[in-house]
Structure formats: C-alpha cells, structure tokens
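Engineer: In my numbering, each residue's number is its place in the sequence shown (first place is 1) plus 8.
It should be emphasised that the hints constitute simulated quantities derived from the structure, not laboratory data. Hints are not guaranteed to be accurate.
[To be verified] With a straight-line cut-off of 25 angstroms between C-alpha atoms, the simulated DSS-like cross-links for lysine-lysine are: (1) K490 with K442; (2) K650 with K266; (3) K429 with K391; (4) K557 with K603.
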Amino acid sequence: MASGVRALMGNAMEKVLNCSTLPSLPGVAMKVLDLTRDRNVSIAALGEAVQLDPALSTKVLKTVNSSYYGLSTPCPSITRAMSMLGLNTVKSIVLGFSLVDFTKSLAGNAGGFDLPAYWRRAVYSAAAARAVAKATRRCDAEEAFVAALVADIGVLASLAALRNEYLDAVKDAPEDHDEMVALERSRLGFDHAQIGKELATRWRLPGMLVSAIAHHHNEASCEPAYADMVRCVVLGRFAAGALTYTDSKRKLGSFLVKSGEWFGLSRDEARMLMQTTAQGATELGKLLDLKTGASADVESILAAAQDQMVMTQVELQKQTDELARQTITDTLTGAFNRGRFNQDLARLTTQSSAPMGMLFIDADKFKSVNDTHGHGAGDAVLKELTKRVQNAAGESAIVCRYGGEEFAVLLQGADLASATKTGESVRREVETSKFELASYAEGLPTLAITISVGVSVWEPGSGATGAQVTAAADAGVYAAKKSGRNRVCVCKVGSQPTTLDGQVVAVEANATAVQHAPPVQTAPTQATKAAPKPAPAAPAPAVATSQAKGTLLIVEDDPLAAKLMELLFGKRTDLNVQIVDSGEAAIQFLTTPGKPKPIAVLADMNLPGITGINLVAMVSTKMGRNAPPFVIVTAGNDERTKALALKSGASLYLNKADLCTNFEQAYEQIKKMIAQHASLQQMAA
9 MASGVRALMG NAMEKVLNCS TLPSLPGVAM KVLDLTRDRN VSIAALGEAV
59 QLDPALSTKV LKTVNSSYYG LSTPCPSITR AMSMLGLNTV KSIVLGFSLV
109 DFTKSLAGNA GGFDLPAYWR RAVYSAAAAR AVAKATRRCD AEEAFVAALV
159 ADIGVLASLA ALRNEYLDAV KDAPEDHDEM VALERSRLGF DHAQIGKELA
209 TRWRLPGMLV SAIAHHHNEA SCEPAYADMV RCVVLGRFAA GALTYTDSKR
259 KLGSFLVKSG EWFGLSRDEA RMLMQTTAQG ATELGKLLDL KTGASADVES
309 ILAAAQDQMV MTQVELQKQT DELARQTITD TLTGAFNRGR FNQDLARLTT
359 QSSAPMGMLF IDADKFKSVN DTHGHGAGDA VLKELTKRVQ NAAGESAIVC
409 RYGGEEFAVL LQGADLASAT KTGESVRREV ETSKFELASY AEGLPTLAIT
459 ISVGVSVWEP GSGATGAQVT AAADAGVYAA KKSGRNRVCV CKVGSQPTTL
509 DGQVVAVEAN ATAVQHAPPV QTAPTQATKA APKPAPAAPA PAVATSQAKG
559 TLLIVEDDPL AAKLMELLFG KRTDLNVQIV DSGEAAIQFL TTPGKPKPIA
609 VLADMNLPGI TGINLVAMVS TKMGRNAPPF VIVTAGNDER TKALALKSGA
659 SLYLNKADLC TNFEQAYEQI KKMIAQHASL QQMAA
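Whole structure, please, built from the sequences with the hints as guidance.
Structural biologist: Structure, rendered in structure tokens:
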C-alpha cells in the first residue's frame, strides 16, 4: 500500500516536470546566462544580446532610470547601464524580467488561483531581500532580488501542469504561505520548492538561484556557500508576510529575530528595512507591470505591531526565546550547538575571573555503529550520549555538540583537577551500562559504547586564548584514542598530553609512545618537565626556508587584481604563488590529493558565487584542524564587514589599497599570522 502511494506521488511530480505545455525560458535570458558564464565576457556582447529584444531593452532602461536605482544622470543605452551599474546588476534585471514574463505565461489559465496574492508576495519578498542584502553586504543585492522574485516558480509550474489537481490540493491553504508546503507534501507527495529546484537545474540557472529556490522554506539545509543568499530570501518572505498578511505579528516577529540572529541587525535597523521594503515593492510592482493590490501601510502595521508587543509581551517573548533556543541548539541531540560553544568560550575566557575546565569527548568507533546498524542507530547513540554526558557533568555544565560524534563541555569555575574528575565521571557514566537504543526507535539494538575524553583548563592571567585551550583539549582526546580509547587524557596549553596516572603520551604520525612521568594531578608543570623528552615533534610549517618554499593560494576573480597580487607576492623568494579565480576552485585545490598544502590563503571578499567569508567557513568545516589560515582582502574598509570576516574564521583582514601601497608592512602581518597558526598546529599535534 505504502509503495503504491509513493508511486502515485512520484508520478505527480514527474507529470509536472515533464509537462509539454511548460514553456522554455526566453531566448534572451538563455543567451545572457550563457554569456555571463564566461568571466571575460564583454559589455558590448551582453548589450547586443539584450538589444535583440526591443521590448526587454525598453523595460531594462526604464528600470535602471527609475528611482529604484537612483542614478544621478539618465542612462541612454544598455551598454551604458552596464558601465554605470555593473554587469551583474543589469544581468539580474534582465533575468528578473524574463522570468516574470515566463511565469506570467505559466499562469495563463489560473482558474481559481489567487494570482494577485502570488505576485504581491513575490514583489514584496524581492524588495525586502534586496534591501537586506544591501544593508548587510553579505551577498549581491540584485541576485537576492531575482532569487526572491522567482523563489515560488514551482507553484506556477505545478498549477500549469496539474491544474485542478493542484488547486484541490492547496485550496485549504491558510494565508501563511509557509503552511502550503505541508499541504503539498501530504496531498501530492512533493512541494513547490522541489519542483522549482528541478526546473531551475534543468534550465541551468546559476547555483545561487537554484539553492534559493530549493531552500527558501528550509534555509538550514542549504549549501554553506549560499547560506547568506538564502537567508536574505527567507527574510524577504518574512517581510512580505508582515506587510501583507491579515495577522502580521508572527511574521514581523520572525523578521526581527532572525535579522538580528543571522546578520546582527538591531530592531531599529530591521524596522527601517520594513519601511524600505514597502516603498520598494510599490515601485517594483509598477516596473514589472504586476498587479499586487493596494500598497502596504507600513506605519500602521509597525504601530499596531508595537501595540501588540506591549500588550502580549509574554507571548512574543516565548516566541523569541524559542527562536533563540533553536539557533543555539543542535536539533538532533538537544545539546547546545557549535555556535553556542563559541559564544560561551569567548565569554568565559575574556570576561570571567574564575578558571574554566574543558572536556573534549569523542565516541569510540562511532563509524562502525553507522556502518553496521545504520544511521538511525547512530542518531540514537548520540541522543543517549548527550543525556549521559549532561547527567554526569552536572546541570551547570555547558554541553555542546561540536561536530559529528564530538562533544565539548565547558565547566565554569573548574580547575584542572576538578575538570579531570568530571571527565572521568562522564567516561564511567557512558561505559557502565549499555545503550538501550530501542527506547528511541523500535528495532534498534543494545550496544556497548565507550568514549575518549580530553581535558584542558583556562586559567585567569595565563594569557591563553580560547582557541589554545580548545586545541589542547582536542590534543588530549586524540591522545586518549591513540593510546587505547575509553580513557581520559589531560593536556594543559603548551604541554604534552598525559594519562591519569601521569604518563606522557607522545603522539607521532605512525606510532604512539607512552612514557612515564610523575602524576599530573600533583604537579602538572613539574610532571611535564621531569618526564623524559618525547621524540621531537615534526617542525612547524615555516613561512619560508632556503630549501623549500611555502605555497600561498590567492583567490581573486579580477584578472588585473590577480596579476598585481602575483607580481607583489611573486617577488618573495620564500613563496610559491598559486592563483585561482573562484571559491569553488579554491576548495578543489585545497582538497585535491597531491596538491601542495598552502601555508595561507588570501581571498577576495567579493568573489562570485562563494564569497570570501563563506569560503573561510566552508574550508574550516571541510578541513577542520588542517585548514590553512585565511586573509580576507577587500576594497572596502568597513568595521562591520571586518568583524564578520574575523567571526567567520579569517585570521587577518586587509584593505587592498593598503596591501598594495604598504606591501612590506602587510606582508609582515601575514608572516606573523602564519607563524602563529603553525605554532597552534604544533601545539595540537
């Protein structure tokens, strides 16, 4: 029975995707997309392509000369528009108009479908996404505009292909568009985001558009490279709901909370964006020749929302608290997530006068659980492990899922001895009784699980950073696994890891040597000094030696800027310079076996597709402790952008002009950064 239902669902989706009446994208749009895949395309070639469609050319010029783009002087031609606004802006306008015309043809026989509501949501979403992107500068504003404008293209495709079947499926949909997704899935077996993604992929739309269409109702699952773009589109959807729904309070609350959480916007900044959205949507509807209904009275909406906030503060606080809880909590285990770990680590190591203990915990042989019993069993193990760690560590412990099967525990006010005692208590709590996984899902086995634990400590006045304490705890858990698993190893910052009986664990590339030393609990520093010296560690990566050069990877899409960087850094006798023109190419270089591992990566902030900030985050996720240090360079000099770059994991933020005019000084900063990174790597080895 179930398989039959699934087959019917699959048939419905295929019926939409293979519908012969779905028109293809306009030829001009396809031509523009093809041309812009070439990074060296000329303005003249693009101008000629757009001018093949006189009606489209007229619309584009009308748009760029409108107050929506705010040009100081009139723009007489497409090529001039590209010079003044940039290729990407004009490309986005062309694509936006083309897709709107395309979707109008899809909805030619809409029947009982509320087209004005559809276009109203699309226009307000696009205006808001553009406003958010411009305010935060986390992605291209025009690309965010197009992405939000066409995010729901799957709705019209489903309507065109299924007609009454689709109308019947969504006829009970409430005003909140988000709730339509659940109806589509339950009644048709798919949702419009899935349809939109498949169509966008077949039409070879740019990756950021495909991702925005696919994930605009589920931003948490999008690719990291496009996270900022998708979040702008999601905020656009929230803003549209706040400005057009009868009950706007919930969507306005979501917009206010998420804009602060994702982009650090204040409530006043978010409210200003709502006003910008309302103004932009009115003009945008006229430019696109779309019937969107009456303009939103944004002042009344915000005033009413303010009254409601005062009257129902408890209810709104619950919503805010729940949204905040979701953003700091791992959805699978209920433990805090990596973001919460980073926040509390920074707070406890910079604002506290008390010591802080740290446990790093790794489930032993966890891969074999997934391989043997399936990922359902693996998920159940992680849930039970979280419960036991919390029970043993105590209510005041901050238990975080660090990644995969790794957990980190912050122990406020704990010195090394008490943190070590807690680590051993956690280990025993896990080992003592088997995990009854059937309590999480029927049919799952009972398994014996053990963990390896690394312990470190931050002490006031020590000068140690949170990153150094984390590296030391990570070195401890690595030593515990290499010396037999199911044990606790201690590692202070700057010291070798030791077992609980004081044996120093010297972890080398191919073997583990365990050497005797006095117990660490009585005198950790003296124990390390008294121990026989372990085999010398591998030398830290050098900035340069006379025998070997370090590789500097430069990620720059502007050919002129790339050539300048190559000339500046190429003069250094201690460097080999490698240049790639995109974040995708950088990731391929960094993860391809046989490629030289760079001692540093210098990436432009405003790369196409994967931005410099997103590249840092993606490489950190993929490579972990093996990731090279990053320098972000940009033509701007904005403190907010600098803070975002450093928060994402970049080690250094440089202005391009300063780099070129004061190269020696900038290079000294880069060398210092590389040396510090090498020191931390050696400490964690």
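Engineer: Hints first: check each against the structure and report whether it holds.
Structural biologist: Hint check results:
1. Pair hint K490 plus K442 holds up; C-alpha atoms about 23 angstroms apart against a cutoff of 25 angstroms.
2. The suggested pairing of K650 with K266 holds, with an alpha-carbon distance near 21 angstroms, which does not exceed 25 angstroms.
3. Between the alpha carbons of K429 and K391 the distance comes to roughly 23 angstroms, so the proposed pair stays at or under 25 angstroms and holds.
4. Restraint check for K557 and K603: the C-alpha separation of about 14 angstroms stays at or below 25 angstroms, so the hint holds.
The structure meets every hint from the earlier list without exception.
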